[in-house]
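Whole structure, please, built from the sequences with the hints as guidance.
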Amino acid sequence: MHPMVRDLYKRVIHVGYDYPLGLDYVRKTWKKVLRNPDNCPSCFDEHKNQIVSPSPACEREIRKAVGKGRAYIREMIGIIQLKKYRAMKKRYDN
Amino acid sequence: MKILVGVKRVVDYAVKVRVQNNTVDLKNIKMSLNPFCEIAIEEAVRLKEQKVADEVVAMTIGPKQATETLRTALAMGADRAIHITTDLRTDYMELQPFAVSQIFQKIVEEENSDLVLLGKQGIDSDCGQTGPMLAGLLGWPQVTFAANIETDGKSMTVERETDSGTETIKISQLPAVVTCDLRLNEPRYATLPNIMKAKKKKVDTRAAEDMGIDLAPRNQVLEVYEPPPRKEGIMVENMDELIDKLKNEAGVIA
Chain A
1 MHPMVRDLYK
11 RVIHVGYDYP
21 LGLDYVRKTW
31 KKVLRNPDNC
41 PSCFDEHKNQ
51 IVSPSPACER
61 EIRKAVGKGR
71 AYIREMIGII
81 QLKKYRAMKK
91 RYDN
Chain B
1001 MKILVGVKRV
1011 VDYAVKVRVQ
1021 NNTVDLKNIK
1031 MSLNPFCEIA
1041 IEEAVRLKEQ
1051 KVADEVVAMT
1061 IGPKQATETL
1071 RTALAMGADR
1081 AIHITTDLRT
1091 DYMELQPFAV
1101 SQIFQKIVEE
1111 ENSDLVLLGK
1121 QGIDSDCGQT
1131 GPMLAGLLGW
1141 PQVTFAANIE
1151 TDGKSMTVER
1161 ETDSGTETIK
1171 ISQLPAVVTC
1181 DLRLNEPRYA
1191 TLPNIMKAKK
1201 KKVDTRAAED
1211 MGIDLAPRNQ
1221 VLEVYEPPPR
1231 KEGIMVENMD
1241 ELIDKLKNEA
1251 GVIA
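Note that the protein sequences, when read in sequence, are chains A and B.
Everything in the first sequence is counted per our numbering, starting at 1 for the first residue and increasing by one.
Everything in the second sequence is counted per our numbering, starting at 1001 for the first residue and increasing by one.
Hints are not guaranteed to be accurate.
Said to hold, decoys possible - Calculated pairs, BS3-like style, for lysine-lysine (alpha carbon to alpha carbon, straight line, at most 25 Å): (1) Lys-1016(B) with Lys-83(A); (2) Lys-1200(B) with Lys-90(A); (3) Lys-1016(B) with Lys-89(A); (4) Lys-1200(B) with Lys-10(A); (5) Lys-1030(B) with Lys-31(A); (6) Lys-1199(B) with Lys-10(A); (7) Lys-64(A) with Lys-28(A).
What the hints assert, rightly or not - The following label-pair restraints were derived from C-beta to C-beta distances: (8) Glu-1237(B) with Asp-24(A): 19 to 29 Å; (9) Asn-1028(B) with Lys-90(A): 23 to 33 Å; (10) Gln-1065(B) with Ile-13(A): 37 to 47 Å; (11) Arg-60(A) with Glu-1049(B): 27 to 37 Å; (12) Pro-1228(B) with Asp-7(A): 16 to 26 Å.
What the hints assert, rightly or not - On the chain A side, residues computed to face chain B include the following (Cβ under 10 Å): (13) Lys-10; (14) Tyr-25; (15) Thr-29; (16) Trp-30; (17) Lys-32; (18) Ile-77; (19) Gly-78; (20) Ile-80; (21) Gln-81.
Just so you know, the hints here were simulated from the structure itself, not pulled from any lab data.
Beta carbons are placed, not taken as given, at the ideal position from N, Cα and C, and that holds for glycine.
Below, the structure is given as C-alpha cells:
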C-alpha cells in the first residue's frame, strides 16, 4: 500500500474516535473505499485479483486522491466541532 | 507575556454516564479535554500567534492517563506542559476546587506567569470555582465568562457575558486570571500530524502530594443520583380537552 494512503487511513481513525456516527462506521466505510479496485484501476492486478504496489504512472492520481481524502477529513472535523458547539450551547446557555 | 492555561481531563461530553454507589462510574469511559479548557488554550495560542504572548504553558492535574490530554493541548499549540499527578478523583468527589486553586497558585508563583487562562467550568463537576478562587488566593484581578479578550501585553479589555447582557471590563495592570466562555473562539482540532509533533515537546511531571498542600476535600458529597426520567406526554383530541387538562391537571390556567 502506498505510504500516503496508509497515513491517510491513520488520520481518519484518529478523527473517527470523535466522530458522532462512531468509529466502527468510519472504519467500515473508509476501508471499503480504500480497498475498492475501481478507484485505481492501474494498481489492480487482474491476474492476482488484488491491489499491488502502484506504478509510477499513477503516483499523481494517488496524490490527488489523498488530497481529496484529506479534504474530506477536514469536513469530518467540521462536523465534530459543530456538534460539540451545539451541545455545549444547549447545555450551558439559559 | 507568559500564559498559563489550566486544562482538565473530563468525561467526554457525548458520553452518557451511569451512576453507581453514589458516584459516577468512570471505568472504561471515554475521557477527553474539557471543551471550555480547549477554548482557553485556543485563546492562548492565538495570543501567541499575534506575538502578544511569548510562551504558553499547559497544566493539568490528574492520573497518568492525563498525559494524553496534555498531548492534545500541546498539539493545539502550547509550548510546554506541566503534569501534576494524583490518584484522587478530579470530578469533585475527592479533589475539590480549593485544593486545585492552591496547586495552581503554587505553580503560578514558580512559573511567574502573567496571565492565567482557565475554562469557565468543568463539564463533570460544573463548579466554576477554580478561576475565582485562584484569583482570590493570588490577589489578582479576574474576569469570568469572557467572550472577547483584547490585550497588548500590559492591560486588557475583556467583554463578559452575563445573564442580562455583555459587560466590558478594563484591567489596567496585568497579571490577571481570565475564565473563558463558549463564545470566545472556535478551538482548532488537534490533527494526527500535530499530535506526532507534540510528542517532542517537554512535559514536567510532579506529584501533587509532594507539594505541601492539603488536598483533602472540604465538602462532602452526600448523594449522587440520575435525574428522574421524563414522563411521556399525552395526546389530546380537541381544544376543549386541552383547556380542561391545562386548567384541572396542570393548574396553569385559572
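**Request:** Compare the structure with the hints numbered earlier in the document and write down the numbers of the violated ones, lowest to highest.
**Result:** When the structure is compared with the hints, numbers 2, 8, 10, 12, 14, 15, 16 and 17 turn out to be violated.
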